[in-house]
Amino acid sequence: MLKTFPIGGIHPPENKLTADKAIKYLTVPESVTIPVSQHIGAPAEVIVNKGDDVKAGQVIAKGRGFVSSNIHSSVSGKVNKIDNVIDSTGYRHPAVYIDVVGDEWSETIDRSNKIITEIALSKEEIINRCFESGIVGLGGATFPSHVKLSIPAGKKCNILIINGVECEPYLTSDHRLMLERGEEILIGISVIMKALGVEKAMIGIENNKPDAISHMTNLASELHGISVHALKVKYPQGAEKQLIKALIDREVPAGQLPVDVGAVVNNVGTAFAVYEAVQKNKPLFERVVTISGKSLSQPGNYFVRTGTPVRNLVEAAGGLPDDTGKIINGGPMMGKAVNSIDVPIAKGTSGILIFPRDESERPAVGPCIRCGKCISACAMNLEPFLLMTLSEKGLFERAENERITDCMECGSCSYTCPAKRPLLDYIRLGKSTVIRMARERNLK
Amino acid sequence: MSPTILITIISLSLLALISAVILYFVAQKFKIFEDPRIDEIQAILPAANCGGCGFAGCRNFAETLVNADTFDGLNCPVGGAEVMDAAAQILGKEAVAFDPLIAVLLCNGLPEYRPRTSRYDGVADCRISNNLYMGETDCSYGCLGNGDCVRACTFDAMYMDQASGLPVIVDDKCIACGACVKACPRNLIELRKKAKKDRKIYVACSNCDKGAPARRACKVACIACNKCVRVCEYGAITIENNLAYIDAKKCTFCRKCVTECPTNSIIELNFPPRRTKAEVQAEEVNG
Amino acid sequence: MSNLLNISPSPHIHDRETTRKLMYGVVLALMPALFISVFYFGIGALIVTATSVASCIIFEYLIQRFILKKPVSVTDGSALVTGILLAFNLPSNIPIHIIVIGSFVAIGIAKMTFGGLGNNPFNPALVGRVFMLISFPVQMTRWPVPEGFKTGYTDAVTGATPLAIIKEGIKNGESLSRLMEKIPTAFNMFMGKMGGSMGEVAAFALLLGFAYMLYKKIITWHIPVSIIGTVAIFTTILWLINPETNANPMFHILAGGVLLGAIFMATDYVTSPMNPKAMIIYGIGIGFLTVIIRVYGAYPEGVSFAILIMNAFVPLMNAYIKPKRFGEEVKYG
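If you're matching them up, the sequences are chains A, B and C in order.
For the first sequence, the residue numbers in the numbering used here are 4 to 447.
For the second sequence, the residue numbers in the numbering used here are 1287 to 1573.
For the third sequence, the residue numbers in the numbering used here are 3 to 335.
Calculated from the structure, these hints are not laboratory results.
Where hints are given, some of them may not hold.
[Claimed, not checked] Here are the simulated SDA-like cross-link-like pairs (lysine to any residue), alpha carbons at most 25 angstroms apart as the crow flies:
1. A/Lys235 with C/Pro278
2. C/Lys324 with A/Asn384
3. A/Lys339 with C/Asp17
4. A/Lys6 with C/Arg327
5. B/Lys1379 with B/Gln1328
Isolated chain A, as found in the complex (with noise of 0.2 angstroms):
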């Protein structure tokens, strides 16, 4: 019987493309467009000039305060302005724009390809290492890191809870991590054990890559307190919470973290990149990014450099299109429509998709036959018909009440609803203004 979680949860169509190629490294740009806010918490603060030259894997930008994070060059060359773009959030926000000079990489990354096996560092230069690297979560949320492990007094973790199940349709870069690159990341998660300071680790891999998790059950049973699970594959398993209750029985609370059931959640994407920056010193300027779409010619894998604009990676899968009608950040689930091609990609940007233009559509809406559907889908066991229409109305705090700020916002009540009603929207209209009202509430 494979583990899973017992509310909710739907069945989007797999389309999974592109599980079935190898990461390629993406051909370093002419130019980078580096944004200073990859991240949950205070943007960084440039430190260079226009004019200045830079080198893969220098500080462009410092993180203010505790809950930021570093950002590095991801290119050699020089830098031709700091000024705005637009980025994955719909808006301009600033950036770093860099012109690519051949591939030098600071002297301190160790660039070979030898996997370092012994961890030399001790906890809190882990920790730091991390701050120092950029290292955010790469499942998507980019929380800086140092934060997730640095446990806040009162509280205790024992267990460490790693990511491979990437429920979103399309989505394939932490599947191919995990075969093309699963000693290293194995390597990360004991690196992340040291740093909390606990014995055991598990892996919740989603039961449609088999050859992920038998790669990973291998590589595991070499090491001590790490062991593979195969989940059933229903989204949204991927979210923490769901998670946690699949591997370890345990419902985090409403309004409260993993840690205070115990648990710490990474993703593979963000055990890797520990090991590329804790054993390698390298800081974090590229990740693993999916190209995928039904209309594109070559989707695939690859490495992309920070700061690489979409249009390289849609080129690099064959052009774009003709007939495309959305862009997608993400996966379709949760992922952000763009409205420029030009969109940089970020430590956050797990995959790229193309949409023809036939799916692009919004279908129209009808009223809500109150099936109750929306209800089985919701993995909070929340009611999303009944908040949309709070929502509409304006009825806040009947929404607050119905603990509208539960929701993590997965999209399956949206994505099962026969009339087609926008239940999402309204729902996230409603959270931020219940948020809103809540942090007023508190400040008086």
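For chain A, the structure is supplied; the task is to place chains B and C on it using the hints.
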């Protein structure tokens, strides 16, 4: 009379009498003392309950007026000076003069000025599309055209113009209650001092980007070139965050800034047509 | 314009299920019962069904187009389902003008006055049926006997339904064992060879429809199972207390409209609760009320009234019986 009817009449009358006595005593016991002037003031208020005064409905405003020391800062935009004077008389206080205001949209991004760069396919709600991305054009400050303001207006003073995609404010119906101001997620609507004959001069732009990107996004954007500031003899125009702003209290409606603005970002409404150079010369010749 | 990128909030993919597909799925699930009904009751069954469906659709179209002046939505299949379900509650010899009046009440009063699809608190087909029962009691209780495919319509041979036989018999003081000889065997009731309304006769056809709807995920098991279960348990208790005045549970389930009501009427999306806990309580309430009306009430059949009564409680149940939220119960530490 038959005994049945007699018994019925007596018993029902007794019941009514007992209920009346009980109700009387209960009403006396649970009576709340309220200043009777609150009812008086509420009676002369327009009963629109729109919140334009800044209080929760007409009764709440009536309570505030009764308990306030002065009328400073208190005004009913629907009733206007007439109602405030009447209230001042009832309460024996001084009425404070209040400039009438009118709502104005600080955006003139018609499709011919502000080209479309993407297609929004979500719910037609400005708060939702504002949270999603900059909008269907390249201006991330401009009007989204989904009508939150029109829906918020309870005085039927706004409608959406299909051709321009922008909301239109009907001057005679707008009482400046401020509902549309609160509704707009981009704060594009301003309550400006109302001038005679509904004349208006304002910078119809809210774009805070530097001149070059602002102009690329919209032909009539304010590029903060400062020409209007220099030409204004009354110091009514200031530039902040790459955006010009005309102070309605200092503006004398001389219209010099309108002609000076190179991008036609400042607009004038309800003015007589300008005389051409030829007409002016003809006037001078004829004396 | 068509070259512009489309921007909308996530999710960017949707399930292929639509309201219309769900409705037509229910129609398909009703086909076995319709077939059996035509087999046993003949042409009358077809005429009644066709009239009911046509009236419901036409009334909905007229009301939406000319009175409400809103976009017409008759193609979404809900009027079709109401039409068929209304027909299934009627005897196959009922005159056309009564069906038309009933359809008007069902669609015009029970559905459109509340705001159309999704807004009505009471099951439209049942409201139509109860209205017809009270307004035309004679025509609504002359049940044709199953005689195989006939071409007769309003002149069909009529007889009492099994439930009526039992009810009348017990009132007259006859013993149950004697009465049971007068009604069809359990097998015949299962196969549909009994008097009754068009839809309530063939248990196996209804169960086929149930299985199809479960497979297509049109309904969940909660409501039908809780209704049938409650009826079974409650009638078993009564039967054990006094086997001479109370029929056995198998009879109660197969006779009358329990199966039709449990599978098709009570599971109507709009008028039933939305979360599983509330659904089960709803089903228990219907089962309980059905048996009470059958045993102690004036009518031989209680399902329609039981469902309508419980419909009234659905908004209350939706508001107060909430699913347990994720993380509500502290399961660790």
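Checked hints:
1. A/Lys235 with C/Pro278: holds, 23 angstroms
2. C/Lys324 with A/Asn384: Distance of about 9 angstroms is within 25 angstroms: holds.
3. A/Lys339 with C/Asp17: Satisfied, since the Cα-Cα distance of roughly 19 angstroms is no more than 25 angstroms.
4. A/Lys6 with C/Arg327: holds, 20 angstroms
5. B/Lys1379 with B/Gln1328: holds, 16 angstroms
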